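As a plain string of letters, each chain reads:
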Amino acid sequence: MVKRISVLILLVMAIFRGNAQEIELEEALRPILDKALQLNIIARLLPPDAEQGWNMQSSKLTIPGRSIAVKLFGENIRIFIVLTPYWQENGKLLLVAQGEVLLSEMAESEVKYLSTVKSIPISLGEKVLFFPLGVPERLHKSFNIQLEIEILSYKDLLEKSAD
Amino acid sequence: MCPSGETLSAYLDHEVEDPWKKVIEEHLTLCPSCKHKIDEMIFTREQLALGSAPDFRDSQERGRSCLARLNSMQQVSFWRRRVALPLPAAAAAVLLMIILGFSTLLLSLRSDYRSMSIRTQPSGTSEVLVTAPIEDLERMLKSLELNGSRQEIIIQLPKESEFFVVGEAEMFRAAEYKRDQPW
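So the sequences go chain by chain: R and G.
In short: position in the first sequence from 1, add 756, done, that's my numbering.
In short: position in the second sequence from 1, add 515, done, that's my numbering.
Misleading hints may appear alongside valid ones.
As the list claims (entries may be wrong) - For lysine to aspartate or glutamate, the following DMTMM-like pairs were computed, each having C-alpha atoms within a straight-line distance of at most 20 angstroms: (1) Lys916/R x Glu861/R; (2) Lys827/R x Glu683/G; (3) Lys537/G x Glu561/G; (4) Lys536/G x Asp554/G; (5) Lys674/G x Glu882/R; (6) Lys874/R x Glu683/G; (7) Lys883/R x Glu576/G; (8) Lys827/R x Asp533/G; (9) Lys868/R x Glu677/G; (10) Lys874/R x Glu685/G; (11) Lys874/R x Glu691/G; (12) Lys883/R x Glu904/R; (13) Lys848/R x Glu691/G; (14) Lys883/R x Glu685/G.
Don't read these hints as lab results, they were simulated from the structure.
Please read these numbers as outputs of a predicted model, since none were measured by experiment.
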């Protein structure tokens with residue numbers, strides 16, 4: 757009987773100890789999770805004179821200051837975009853986009869390299885459009901690439917999904 | 516000279532051959548002491564021959580009960596089985612349990628050991644403290660270097676799409692952008 761009780765006590769202690777560690781870790785991670793952001797990115801290929809074309813959507817979780825890289829590979833083009841969200845002191849987000857483009861035009865044998873850094877203050881849920889190849893005009897005859905970026909609070913998303 | 520008791524017993528068992536048998540017989544007629552001895556032997560033998568067989572039922576019953584007890588001891592469940600430990604071994608085990616208990620208690624009190632804590636400064640910034648052995652931190656940093664500190668999305672654009680740079684890269688709020696509007 758004593759043995760049975762001892763084993764039971766040890767098991768209960770082990771369970772409580774493990775549970776306590778999980779709670780500690782969860783408590784420690786909570787401030788990070790509260791600040792976590794979800795970046796919804798839609799890459800759109802805009803055909804000439806058309807509103808909709810090919811598009812691809814992706815979502816990534818990050819924390820302010822930690823960047824997400826988007827790489828687009830095409831026939832004659834390589835685009836590297838690094839998106840970094842930052843919290844500003846005024847409570848707004850600052851989205852910084854670094855773009856690098858390597859483009860080989862068919863008629864020419866050389867490769868063009870362009871780089872840019874853009875930033876824009878935005879609010880959570882506000883959509884931003886980034887054009888790494890420049891803004892197309894209505895009558896332009898080539899394809900263009902547009903990135904739609906939306907930043908959401910991961911905590912809000914969790915609360916919404918719980919509801 | 517009188518024959519020994521063994522010789523008399525052998526005579527009684529018809530194990531003594533002639534001429535010694537006749538000598539003993541003649542002696543017994545003359546020696547009342549030996550005659551008395553041989554008579555006692557004969558009487559004892561007759562008494563033994565007349566006596567009934569001993570009653571072993573009690574001892575058999577005791578033996579059966581002993582065997583039953585042994586069998587029942589062998590079938591004792593794990594929780595009721597007794598374990599015999601030498602006193603020094605038992606003392607060492609108790610000491611070890613006490614030391615382990617204290618160690619566990621100390622480790623649980625030092626909650627920041629090999630763990631992470633986050634302190635929020637008055638300015639609002641958060642300070643993340645990670646307590647871990649140096650080897651673990653080095654391994655973590657190497658792992659971060661190898662894996663890269665940022666996440667990547669790789670998108671393969673459709674084939675047969677030729678791109679041109681139409682201007683400088685731009686970024687706008689979606690609400691402020693209209694395709695028709697030249698920027």
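Item checked: 20 angstroms limit on alpha-carbon distance, applied to hinted pair lysine 868/R and glutamate 677/G -> 14 angstroms, holds
Note to self: lysine 874/R and glutamate 691/G were given as a pair; does the straight-line alpha-carbon distance stay at or below 20 angstroms?
What the structure shows: Holds. Lysine 874/R to glutamate 691/G sits at ~16 angstroms (cutoff 20 angstroms).
Notebook entry, point to check: Given the hinted pair lysine 883/R and glutamate 576/G, is their alpha-carbon gap at most 20 angstroms?
Noted result: 98 angstroms, violated
Note to self: Can you confirm whether the C-alpha distance between lysine 883/R and glutamate 685/G stays at or below 20 angstroms?
What the structure shows: 14 angstroms, holds
Note to self: Next pair to validate is lysine 883/R with glutamate 904/R; report whether the Cα-Cα distance is within 20 angstroms.
What the structure shows: 7 angstroms, holds
Margin query: Check the hint pairing lysine 916/R with glutamate 861/R against an upper bound of 20 angstroms on the C-alpha distance.
Written below: 47 angstroms, violated
Next item on the list: Starting from lysine 874/R, check that the Cα of glutamate 685/G is at most 20 angstroms away, please.
Entry: The hint holds at about 7 angstroms.
Check: Is lysine 827/R within 20 angstroms of glutamate 683/G, Cα to Cα?
Finding: Holds - the C-alpha atoms of glutamate 683/G and lysine 827/R are around 19 angstroms apart, at most 20 angstroms.
Next item on the list: For the pair supplied as a hint, lysine 537/G and glutamate 561/G, confirm whether the alpha-carbon distance does not exceed 20 angstroms.
Entry: 24 angstroms, violated
Margin query: Tell me if the straight-line CA distance from lysine 674/G to glutamate 882/R falls inside 20 angstroms.
Written below: 31 angstroms, violated
Checklist line | Holds or violated: lysine 848/R to glutamate 691/G, with C-alpha atoms at most 20 angstroms apart | finding: Holds, because 18 angstroms separates the two Cα atoms, which is no more than 20 angstroms.
Check: lysine 536/G and aspartate 554/G: Cα distance at most 20 angstroms?
Finding: 17 angstroms, holds
Violated hints, in rising order: 1, 3, 5, 7 and 8; the structure is consistent with all others.
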